[in-house]
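Please model the complete structure; the sequences and the hints are all you need to start from.
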Amino acid sequence: MTSIQHNLQETRQRIAAIAERCGRSPQEITLLAVSKTKPASAVAEAADAGQIAFGENYVQEGVEKIQALSERSPLEWHFIGPLQSNKSRQVAEHFAWCHTVDRIRIASRLSEQRPAHLPPLNVLIQINISDEHSKSGIMLEELPALAQAVAALPNLRLRGLMAIPAPENDYQRQLTVAKKMADALATLKQKHPFVDTLSLGMSDDMEAAITAGSTMVRIGTAIFGARSYAATTHNKN
Numbered sequence: 001m002t003s004i005q006h007n008l009q010e011t012r013q014r015i016a017a018i019a020e021r022c023g024r025s026p027q028e029i030t031l032l033a034v035s036k037t038k039p040a041s042a043v044a045e046a047a048d049a050g051q052i053a054f055g056e057n058y059v060q061e062g063v064e065k066i067q068a069l070s071e072r073s074p075l076e077w078h079f080i081g082p083l084q085s086n087k088s089r090q091v092a093e094h095f096a097w098c099h100t101v102d103r104i105r106i107a108s109r110l111s112e113q114r115p116a117h118l119p120p121l122n123v124l125i126q127i128n129i130s131d132e133h134s135k136s137g138i139m140l141e142e143l144p145a146l147a148q149a150v151a152a153l154p155n156l157r158l159r160g161l162m163a164i165p166a167p168e169n170d171y172q173r174q175l176t177v178a179k180k181m182a183d184a185l186a187t188l189k190q191k192h193p194f195v196d197t198l199s200l201g202m203s204d205d206m207e208a209a210i211t212a213g214s215t216m217v218r219i220g221t222a223i224f225g226a227r228s229y230a231a232t233t234h235n236k237n
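Under the UniProt record's numbering, the residue at position 176 of the sequence shown is numbered 176, and the numbers go up by one with no gaps.
Calculated directly from the structure, the hints in this document are not laboratory data. These numbers were taken from a predicted model, which means no experiment stands behind them. Ideal Cβ placement from N, Cα and C applies to all residues, glycine included. There are no misleading hints in this set.
No more than 25 angstroms apart at the CA atoms, straight line, and that leaves these computed lysine to any residue pairs for SDA-like: (1) K135 with L175; (2) K179 with S25; (3) K87 with Q67; (4) K191 with A96; (5) K135 with T197; (6) K135 with L31; (7) K87 with P115; (8) K135 with T221; (9) K87 with A116; (10) K180 with P82; (11) K189 with L140; (12) K179 with P167; (13) K180 with L31; (14) K189 with A96; (15) K180 with P26.
Distance windows between CB atoms, simulated: (16) Q13 with D48: 12 to 22 angstroms; (17) K191 with R105: 15 to 25 angstroms; (18) D131 with S70: 32 to 42 angstroms.
Structure representation (structure tokens):
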């Protein structure tokens with residue numbers, strides 16, 4: 001067993017244990033393996049261990065991996081980084097999900113640029129739940145209007161919400177923020193009953209996120225090891 005396969009197994013076991021402790025089925029939670037800065041060979045290794053869903057933060061780097069691994073049985077690619085308007089076409093053409101929609105202009109471009117032969121692009125609206133100036137995302141009070149606009153676009157499928165909370169070591173404070181996101185999803189679902197996804201939780205706050213109701217956790221270093229950014233700076237966004 002390779003280190004990536006071992007790490008994947010340990011991560012899945014941790015997710016299952018957390019889910020069972022809070023009375024949820026592990027099948028309710030999708031593990032998104034965040035492969036940014038890692039080579040296509042590492043993604044292939046994870047795929048060999050049964051991993052299907054992969055998250056990429058940088059458009060060009062993600063597209064290169066998608067193309068390199070196009071012959072493999074279907075992998076599901078999620079774009080999870082900040083999206084610039086001039087890169088929207090590549091996301092629309094190559095990815096199955098975009099987690100970081102935070103303005104109607106980007107959503108409209110994604111819908112217009114989604115190829116007709118592909119199913120609608122699954123999108124999540126990013127919430128700046130910790131009100132950090134350095135983070136992308138909208139305030140919760142802006143959600144109803146943006147969700148209504150996104151849901152009306154023909155080549156997108158609004159699936160739910162995503163957030164990257166501010167780092168917090170205290171579990172109860174992590175849980176408070178995670179519950180705020182879960183409540184926002186429940187409210188959104190009243191108006192848009194087809195939404196079903198809360199992308200929330202990374203290695204350090206996964207337990208609080210799952211306990212609160214996250215349906216998708218984004219795990220990178222715990223699976224692939226420490227990241228090296230120097231080799232990938234030319235690929236950012």
